[in-house]
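Put chain S on the given structure of chain L with help from the hints.
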Amino acid sequence: MSTPKISIQQVGKLFGEGSHQVEALKDVSLDIADNEFVTFVGASGCGKSTLLRIIGGLEYHSAGEVLVDGRSIMGPGADRAMVFQHYSLYPWLRVMENIKFSRRLKHGRENISEADVEAASGRADALLALMGLTAAANAWPNQLSGGMQQRVAIARALMGRPQILLMDEPFGALDAQTREVMHDLILHVHRLEKPTLAFVTHDVEEAIYLADRVVLMAPRPGRIDTIYKVPLPAEREQDMKHTPEFLGLKKEILARIRETSGMKTDQDMLDQLNLGGAAG
Amino acid sequence: MQSRPGIRPRRPGMWAIRGPLSRRQYWLFAALGLLVPLGLWWVVSSGAAVDKVFLPGPVDVFKRLVSWYAEDDLLSDMGISIYRVTTGFLLSAVIALPLALMIGTFRPVQAVLEPLTDFIRYMPAVAFIPLVMLWVGIEESSKISIIFIGTFFQMVLMMAEDVRRVPLAQVEAAQTMGADKGETINLVIFQAAKPALLDTLRVTMGWAWTYLVVAELVAANSGLGYSILKAQRFLQTDKIFVGIILIGLIGLVMDQLFRLAHRKAFPWLYLKS
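Protein chains in written order, with this note's numbering: chain L, 1 to 280; chain S, 1 to 273.
Isolated chain L, as found in the complex (with noise of 0.2 Å):
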C-alpha cells in the first residue's frame, strides 16, 4: 500500500480531569487509504465518534498523532469535512446558501478567477441535481423533511471539495426507507466524487453495505477491536443484503458487539439499552 490518506497512530484520549478522567480512546492506530469508505461500529462509549471528531480536529488527542497525506493535522481544515446528525444546516439561509456557505470563507476566496466562481456556480447546482434537491434551492431548511436537510448537509460538505468526508451518524434520525435512499445515494457520491469516507454507525447492516472495511470498536478504554473486510462486489445493490456472506458478517459482527459490550446476554443487552438511551 502506497501512502495511506489517514494516518491514526497510537492515538489515545483522555476526558475529564484528575480521578474523573476516563480513557475514551488507547493506543488506536488505523490506516485508511484513499478512497477507501471506512465504517466504524461498536458498543456504547467505545469511542468511534470521539475518534472520526479527532481527525476532524473538533476533539484533541491527548496521545499519539493523526497523519493526513503524512502530514500532522492541526485542527478542523477544509479538507476534512464534517456531516453531524442534525442541527447543522444554517436555518437563516437559504438552501442555496447553505450550500454554497463555504465560499463566503477567505479559504474559499483565496486566489481565484472568475472562471472559478463560473465552475463554483456551476458545481452548486450540479451538487444540488445530485441530491434531488434542485426544486428546493430557494426553500428554508426548517421547511424540508429530515432527508432532505442531510442530503442538503452532505451538498454542503462536498461543494468545497473535500478530500476527506467524515459523517457521524448522519443517518441516525432518519427512518428506514429514506435511510436505504441515502446509503445508494451516498455510495454513488463515493465513487462520483472519490472522497476518502470514514462514517460513525450504530447500524451494524449500514455499516456493511457502505464500507470496504467495517472497523468494531470496543469500551472501557476505547480501543478497535477487529476489523471486517466486506466480502461484497464494489457495486453495491440493496438485494446484497440478503445474501449469506452479508448476513453472515453482520451476525458476527453483533455478536462481537455484545461481547465487547461487556454484556453476556441479551436480556442484559436490553437492559442497558432501556436505561441509557441514545448510543454513543
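None of these hints come from the bench; they were simulated from the model. Ideal Cβ positions, reconstructed from N, Cα and C, are used throughout, including at glycine. Some hints here could point you the wrong way.
[What the hints assert, rightly or not] Some chain L residues well away from chain S (every beta-carbon gap over 10 Å; in silico):
1) Ala119
2) Ala120
3) Ala129
4) Ala135
5) Gly172
6) Leu185
7) Ala255
8) Arg256
[To be verified] If you only want the chain L side, here are some residues facing chain S, beta carbon under 7 Å, derived:
9) Gly56
10) Leu58
11) Tyr60
12) Ala81
13) Met82
14) Ser88
15) Pro91
16) Leu105
17) His107
18) Gly160
19) Gln163
20) Tyr228
21) Ala234
Relative to chain L, chain S alone:
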C-alpha cells in the same frame, strides 16, 4: 367519551388542552380582557362611595390627558422620556452585544466577566442614584446612566446565554469547511443567535421603561416619570393614572414594533406549515 353512531367526531373545541382558537375568537377574547377591567374601573369609580382623589374615573383621566396635552406640553414630556429610555437602552445594547458574543464564545472571557456581572446585577439600580449624581452629575447623562445600570447587566447575561445556545454542530460544520475564528463568530454564531438576541432586546426594553421613573427621580424637571412624581405631591391622582397608562401604551407599541421587526428580519421562523 363514546361517540354515538351517526355523529361525526367534532374538531376539538377551544377549551381542549392547547386547543385551537381562531383569529376572530382571539381578538374577541383580547378585547374582553381589556374592556372588562375598564368597565369595572368605570363602575367602581362612579360610585358615590369612592373619592376621586383615591380613584378617578376613566372620564376624569381622559379629561386630564386632553388638558395635559393642550396646556402642559404632554408631547415634550413623552419625547424626553422616550429619548432617555431609548438612549440608555441603546447604549446598553451596543456595549452588551460584543461582550455577550465574547462571553458566550470564549470560556476565559466568561470566567472573568460572568461572576462579576452576576454580582453587580443583584445590586439594586436605585441604590446607585447617589453615586451616579456624584460621578455623573444631574444632567441628562445621569438619567440615562440609571437606565443603563438597570438594564445593562441583565442584558449581557441573557445575551451571553443566547450566544451559548447556538448548536455546536453549526459551529463545527463551519470549522470543517475552513472557517477561521472571526468567520465562525460573524457568519455562524452571531447569525444563529440573532433571533434570540432580538427577543432579549425586546424583553430588556421593558425593563428600561421600569427604570424611567427611578431615573427621573434625579433632579429632573420634565418627563412622564417626573410628572407622575410631581402629580403625587399635588394629589393629582388622575394625572398619575395618565402617566402610568401612557408608559404602558408606549411600552406596548415598542414591544409590537420589536415583534414586527422579528417577523420581518427572520422570516424562516414564521413559515406556515
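Status of each hint after checking the structure:
The Cβ of Ala119(L) sits about 18 Å from the closest Cβ of chain S, beyond the 10 Å cut-off, so the non-interface label holds. Under the 10 Å C-beta cut-off, the non-interface status given to Ala120(L) relative to chain S holds; the minimum distance is some 13 Å. The non-interface label for Ala129(L) is consistent with chain S: the shortest C-beta to C-beta separation is roughly 21 Å, beyond 10 Å. The Cβ of Ala135(L) lies farther than 10 Å from every Cβ of chain S, with a closest approach of about 17 Å, so its non-interface assignment holds.
With a minimum CB-CB distance of about 13 Å to chain S, Gly172(L) clears the 10 Å threshold, and the non-interface call stands. Leu185(L), annotated as away from the interface, keeps every beta carbon of chain S farther than 10 Å; the closest lies near 19 Å. Here Ala255(L) stays apart from chain S, with its beta-carbon at least about 33 Å from theirs, past the 10 Å limit. For Arg256(L), the non-interface assignment is confirmed: its Cβ lies about 30 Å from the closest Cβ of chain S, beyond the 10 Å cut-off.
For Gly56(L), the interface hint holds, since its Cβ comes within 7 Å of a Cβ in chain S; the closest pair sits about 6 Å apart. Against a cut-off of 7 Å between C-beta atoms, the interface hint on Leu58(L) holds, since the closest Cβ of chain S lies about 5 Å away. About 13 Å separates the beta-carbon of Tyr60(L) from the nearest beta-carbon of chain S, more than 7 Å, and the hint is not met. Because the beta carbon of Ala81(L) sits about 5 Å from the nearest beta carbon in chain S, less than 7 Å, this interface hint is met.
Proximity of Met82(L) to chain S holds as hinted, the smallest CB-CB distance being about 4 Å (cut-off 7 Å). Taking 7 Å as the C-beta cut-off, the interface hint given for Ser88(L) holds, the closest approach to chain S being about 4 Å. For Pro91(L), the suggested interface contact is upheld, since its CB lies about 6 Å from the closest CB of chain S, less than 7 Å. Because the smallest distance between the Cβ of Leu105(L) and any Cβ of chain S comes to about 5 Å, under 7 Å, the interface hint for this residue holds.
Interface restraint check for His107(L): the shortest CB-CB distance to chain S comes to about 4 Å, inside 7 Å, so the restraint holds. Hint on Gly160(L) holds. Least Cβ distance to chain S is approximately 6 Å, under the 7 Å limit. Contact between Gln163(L) and chain S, as hinted, is not supported at the beta carbon level, the nearest pair being about 12 Å apart and thus beyond 7 Å. Look at Tyr228(L): its Cβ only gets to about 28 Å from chain S, farther than 7 Å, so that hint breaks.
With a least beta-carbon distance of about 27 Å to chain S, the hint placing Ala234(L) at the interface is violated under the 7 Å criterion.
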